[in-house]
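Undergrad: Chains as they are written, first to last, in my numbering: chain A, 1 to 368; chain B, 369 to 736; chain C, 737 to 1020; chain D, 1021 to 1304.
Some hints could be false.
Below, a list of computed lysine-lysine pairs in the DSS-like style, where the Cα atoms sit at most 30 Å apart [unchecked claim]:
hint	chain 1	residue 1	chain 2	residue 2
1	B	K419	D	K1273
2	D	K1212	D	K1054
3	B	K589	D	K1262
The hints are simulated quantities; they were obtained by calculation from the structure and are not laboratory data.
One-letter residues, chain by chain:
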Amino acid sequence: MNLYEYLGKDIFRKNGIPVPDGYLVEKKEDVRKYEKPVVVKSQILLGGRGKSGGIKFVKSEADLKPAVDSLLGSEVRGLKVTRLLVEEMIDIRKEMYVSFSLNRTERKPMLMATVEGGVEIESLPHDKIFLRLIDPLMGYSDYIAKEAVKFMQLEPAIAAQFRSLLAKLYEIFNKYDCELVEINPLVITGEGKLIAADAKVVMDSDSLFRHREFNVIDPEKTPLELEANGRGYSFVELQGDIGVIANGAGLTMATLDALTLHKGKPRNFLDLGGTDSVDIVIDAFDLVLKANPKTILVNIFGGVTKCDTVANGIVEAKKKYGIKQPIVVRLSGIHEEEGREILKKNGVDAFSDMMSAIETAVKREGGN
Amino acid sequence: MNLYEYLGKDIFRKNGIPVPDGYLVEKKEDVRKYEKPVVVKSQILLGGRGKSGGIKFVKSEADLKPAVDSLLGSEVRGLKVTRLLVEEMIDIRKEMYVSFSLNRTERKPMLMATVEGGVEIESLPHDKIFLRLIDPLMGYSDYIAKEAVKFMQLEPAIAAQFRSLLAKLYEIFNKYDCELVEINPLVITGEGKLIAADAKVVMDSDSLFRHREFNVIDPEKTPLELEANGRGYSFVELQGDIGVIANGAGLTMATLDALTLHKGKPRNFLDLGGTDSVDIVIDAFDLVLKANPKTILVNIFGGVTKCDTVANGIVEAKKKYGIKQPIVVRLSGIHEEEGREILKKNGVDAFSDMMSAIETAVKREGGN
Amino acid sequence: MKNYVDENTKVIVQGITGHQGKFHSGEMLKFGTKVVAGVSPGKSSEKVNGVQIFDTVADTMHLNPTASMISVPAPYVKDAAFEAIDAGIELIYVLTEHVPFHDTMDILYEASRKGITLLGPNGPGITRPGKCKIGIMPNHIFKDGDVAVASRSGTLTYEIVGALTKAGFGQSTVIGLGGDPVVGLTFIDVLKVFNDDPNTRKIVLVGEIGGINEEMAADYIRKNVKKKVVAYIAGRSAPPGKRMGHAGAIIEKGSGTAESKIKAFNAAGVHVADFPADIPGLLG
Amino acid sequence: MKNYVDENTKVIVQGITGHQGKFHSGEMLKFGTKVVAGVSPGKSSEKVNGVQIFDTVADTMHLNPTASMISVPAPYVKDAAFEAIDAGIELIYVLTEHVPFHDTMDILYEASRKGITLLGPNGPGITRPGKCKIGIMPNHIFKDGDVAVASRSGTLTYEIVGALTKAGFGQSTVIGLGGDPVVGLTFIDVLKVFNDDPNTRKIVLVGEIGGINEEMAADYIRKNVKKKVVAYIAGRSAPPGKRMGHAGAIIEKGSGTAESKIKAFNAAGVHVADFPADIPGLLG
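Generate coordinates for the entire structure from the input sequences, incorporating the hints supplied.
TA: In structure tokens form, the structure reads like this:
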């Protein structure tokens, strides 16, 4: 779960990492008196805000309100801007980069740091980046920062601040169950102070039970995705016409893949999960119907989720929502015969093999 | 470093362990209005306060001030009472015991818990005590509390509180660098709440650099010991007549032991430490002289600390303080000849073997 | 390397009184697994499916269990796993989904420090037809044979195992690694076991988008594996930046794509099936 | 068990530019110890006693050091030790006094997890006459021979070694365990080494009040050690509850007394000297 810059900076501030003075603007009245040059930054979760006009530099009182007016409510990179961060302008001598992230391959936290900040870290040559895996049992310790300082050839006064900052950043990485904490750029000011000019904090959404204060809406999701997640479904919106209901993340992905390889266009990813309940099936139809697919494909390999349960759910959903779209069903595994029998009685044909269902769904993608 | 009960309870309160409501009284005016029955507890660092009259139970407004007056400034178990803790009286249904401590033999933290609280843990039979070593790498986890709960046969409502308390107590043990955190008694109140009726927190004094807020006077030391420690010496006051200056903890102990085996009575333990400085020797004499010994024994095995340096220190101290007491010196090791030569010139004889010095010091214990 | 379980494996179930624990311990017993005890604090006078419940893992150790299935809510998984590690259980399988990956890292490194195997979290477990099943795979899909299957998903595995069985390919071992970004076993770990296993002649790997586990496996196969390997990768059609059901199934910054994995497998001489149903054909 | 150091041991000094680091690295060189590098961040262009300084331990690894002497202020010891552990140094000796014992526990368990030996903190180090000295023991007191000495103190050890040398008893190994409540090596650890060492014929243990390390050593000697063992215990006259200079030298709640230790040694057939000077006589 990606946090907005202003939330990330709140965490930094609370944990002793220096950030510029600033405040949040959610409506025009939130704007405070102009006292010194500020930067007005759209709070969206895509990079490249600056290039897309999402950041404005304000150097006089007269420019502040217009800057806020023009950004608040505007669209930047396709996202509506509902929050602005107004921050003191900092005197930038140098931009650096630092982050802790999960290295999935090594299954360890990883430190990355470089004196070449302000650009995408991926765009830099590897030998410019100090890259260090952290032994999760030993944890982070200052000697690692000393190695980084040496690699980056930081002058002593900066090195001291950098070492202190790194320790705090690692603490945040663990304390807030982060996948990533990134400061880019990490600025050396004209007076030689280190300050986090940006803050990217990505928390593990599975950890929210112990971070209730961050139980906020994930801003990267569509409203329908959020609704589905709220009801307990893994759900992703796509751009096609075929609504998909399947059980298990892998099988659901495989269903989308097979549709796509057959030139079909799935409308969504919906995983029923490993439960066996008629209501869950009905509820899944409700969600998929909200996405207005032209046809619906149900692909079930029965195990914990039994085929007859799914069949009953389909029949009831059909009645409840008066579904007009074609429903293509594949039932295999536990109680598949019973399930197909139930569907047959209610005028729905069910396949037992996945490929036939896929091919049929693609044929009927237009809804006929 | 043993903390007063009220400081221990401050730590408990800050870290979520329930303690009775209470306040500190250092002078009579600190006493607050009587609202409900209270206990007035002398803040001294020896056990058995209750039996020695250091704790008073106050059940009416009229009794509060007299209780405070009688305790404040009194002596309990030989210690002057300068602080009182006034606490709400709690309704005790049951007294239990719990602690985390360093197990020196296993070099691991150890949990001890028993439903038989309110008495010295050492007085209980072993099979009444739940005793569990904690793997320092894995740390403490709730399953250990579950094992304790089962051993102690706690009812579910108490068990839940106990598990939560144990996690916090272990956190305190580590966060405050403790040798011991002990709650005795841990009370189950009439309403079924767990509450820490006492708090014993012993911190590692070597950790004070990261606990500056606790950089308080160690109340178990004599004023002279505190002064000596403040000047950087390991110093312990004893009851005899022979002032001792030696180098190294082990050699100093061995010196005291040898004196004692020869029926001599040492006045103090003073370890010069591993430095080589005339001033440190002079300063050591200053401290020893403050203890008014009848004779002074200096026992040096020269290594880092060189014998001629010590000799020069002795000569200068003698002049500076006009020392009248006999000084018996043993110099061995680096520069021992030079050292003895310096002393000889200044009218002090020095031995090269320890036993002769010990025997001579005992002979001259009376100061003649 | 020794296989993780066999007919002598003795299993305890931590959280046996929960819905999943109750159902799947019963299914495991039906499969023939030696489920020797359940753990559920405060319920030690009860039985589930005829299996005695104990308050703590320590209390079950007189029964010499060698594996534990952990099926407790995500916030309690770390404690349960630490309890099993501390007690000396050799294989810890975590069924639970949504375990914070920081907790999984803690479990993984504590376990590996003591030579303990972690399977999962968020996977269907391990099945060896005719020998032992730990986890939630449906009993009826298996057939004893010489194909080993390792997979990052659950239902898709059943789909593929079902297709194998239907086509006459029995299985030596079927193992689900789990769908989280951090899990206990990697494809390389299990490839080592499959490679050494005399009962395994052919191998099926079922990967998905996210991470570079498959790429590393491909490299390992190229260098070390002589047995026939066939693969399937789920998530070819997944859009970048979206988690496809599994926490670990996400394409991030262009890394973890199906294309990359398929390319790596092809370079290692591993045929990658377009559809799950194609796998038996590729094996044959 | 192998002895901890020998003529091939290559030593780095962490904190070599400090007062102690500078002086004792010089003394170690005079003794013949292979001091191959110093570590002191930001001073990598300098030399101390002809020894090149590096910024980090990692930077010294091309010199294949096998031991590190750590002489940095107490608050930085844990970091320095972790750096050495992470780099793969085999023996870590901490000279520093006043290290919080929670830090020492962290160091000890990280080290032992990786098979690394921790010596100290707060001890004088290890000396093998004619082979290697790491630490702060005075060079001139030693003589090569067959008596091994292990001690919890510093100067008292020199006193005893001096007496041994004077009486004609040379030493095979002299090791100071350290005066803290938690240290890396116990008497039992070093007894195992002394017992297996063909160069050691007799053993001297110098204990002190506090803990039950000596009692456990006595038990171990009774069961396993055939070589002659003589002991001395400092602190017979110490009052309870007072720390006698060493953080670990304290009688607590009646435990850790000299009486108890002497009794245990006597029961194991170990003669305990009343005075340090008596030790050579008891050995003879």
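Undergrad: Measure nothing beyond the straight line between the CA atoms of D/K1212 and D/K1054; if it is 30 Å or shorter, mark the hint as holding.
TA: holds, 26 Å
Undergrad: Are the Cα positions of B/K589 and D/K1262 separated by 30 Å at most?
TA: holds, 9 Å
Undergrad: Given the proposed pairing of B/K419 with D/K1273, does the C-alpha separation stay at or below 30 Å?
TA: Holds. B/K419 to D/K1273 sits at ~19 Å (cutoff 30 Å).
When the structure is compared with the earlier hints, no violation turns up for any of them.
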